[in-house]
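Numbering (this note's numbering), first residue to last: 5 to 288.
Calculated directly from the structure, the hints in this document are not laboratory data. Note that the structure is a prediction, hence the values are computed from the model and not measured. A virtual CB, placed ideally from N, CA and C, is assigned to each residue, including glycine. Take the hints with a grain of salt, since some may be wrong.
Claimed, not checked - Each pair of labels, with its calculated beta carbon distance range: (1) Arg161 x Ala46: 30 to 36 Å; (2) Gly152 x Thr94: 22 to 28 Å; (3) Glu31 x Met269: 51 to 57 Å; (4) Ser272 x Thr26: 41 to 47 Å; (5) Ala219 x His139: 17 to 23 Å; (6) Glu205 x Asp72: 32 to 38 Å; (7) Arg105 x Gly152: 43 to 49 Å; (8) Pro255 x Ala91: 43 to 49 Å; (9) Cys259 x Thr120: 37 to 43 Å; (10) Ala92 x Arg202: 53 to 59 Å.
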Amino acid sequence: MPELPEVETVRRGLEAVAVGRTITSVEVFGPRTVRRHAGGPADFVARLRGRRVEAAARRGKYLWLSLDDGAALLAHLGMSGQFLAVAAGTPDPPHLRARFRFAGAGPELRFVDQRTFGGLALAEAGEGVPAAVAHIALDPLDPAFDRGAVFDRLRRRRTGIKRALLDQSLVSGVGNIYADEALWRARLHYARGADTLRRAEAERLFDAVDDVFAAALRAGGTSFDSLYVAVNGESGWFERSLEVYGREGEPCSRCGASIRREPFMNRSSYRCPRCQRTPRDPRW
DNA sequence: TCCGGCACCTGTACGC
DNA sequence: TGCGTACAGGTGCCGG
């Protein structure tokens, strides 16, 4: 499941594979992948032809290729999106959604997406980020990320801390997996009221998010199956380092208590019942 | 304005 | 074997 470390790994791959090259042709297979592109598939294809890729950038889980006409090819991997750089003529995989060919030698780029939550669009470049991404908050890896400002906004939220962490307009890049991992590291229950968080606890949580992102990035991301791979097709290895996510019934590495899985926001939360005790009053 | 619930989507695992 | 169901979950929309 692509969260910030996975998307950053993909961005680095795109930087190596696409930047400096000129797009000669684009194919889009089915309208859903470009559903966020206002002009539809035909316009998407026409506007990309002949454009040179200047840079590969990212904010949170969104990434984009800056083009020489000032536009940006915006992408979100959703649940299962993959960019794959492969030699032309390699057989098409299932769930191929788009193909980009470039001038000269080198691989073509494919966008493959099994669950189709991912998407591509052409966006107008804004101040630093495309306008379509302006609502996404800075992510913790961004040098401009301001812990104090985020803490102030957290304290005004009347909701649980995990729900707030997953809100990309507050902090970007955190998804269900790394939220659980960071909360475990910070010894916080997911339902703890965001407005009750003390500054020291927030610092602990920010440190935990930083640590888990940095470790995952070093490992090239988390892979549970073939749904997340880097641009070169390789899987990440961070799954081996997960402490709670997907480990229901296994002992907590800190205290030995059995990890629990609990329903949360129509998905699951994993936590240690001893290290992350249920708040007696969720509002604390 | 903020918050919570839900649709979107497909492959896999599991129970009957 | 085959069918039905639950589950995985990021984002955006909608209703309260």
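Verification of the hints:
no. : hint                        : verdict
1   : Arg161 x Ala46: 30 to 36 Å  : violated, 42 Å
2   : Gly152 x Thr94: 22 to 28 Å  : violated, 49 Å
3   : Glu31 x Met269: 51 to 57 Å  : violated, 36 Å
4   : Ser272 x Thr26: 41 to 47 Å  : holds, 45 Å
5   : Ala219 x His139: 17 to 23 Å : violated, 28 Å
6   : Glu205 x Asp72: 32 to 38 Å  : violated, 47 Å
7   : Arg105 x Gly152: 43 to 49 Å : holds, 47 Å
8   : Pro255 x Ala91: 43 to 49 Å  : holds, 46 Å
9   : Cys259 x Thr120: 37 to 43 Å : holds, 41 Å
10  : Ala92 x Arg202: 53 to 59 Å  : holds, 57 Å
Of the numbered hints given earlier, the model fails hints 1, 2, 3, 5, 6; all others are met.
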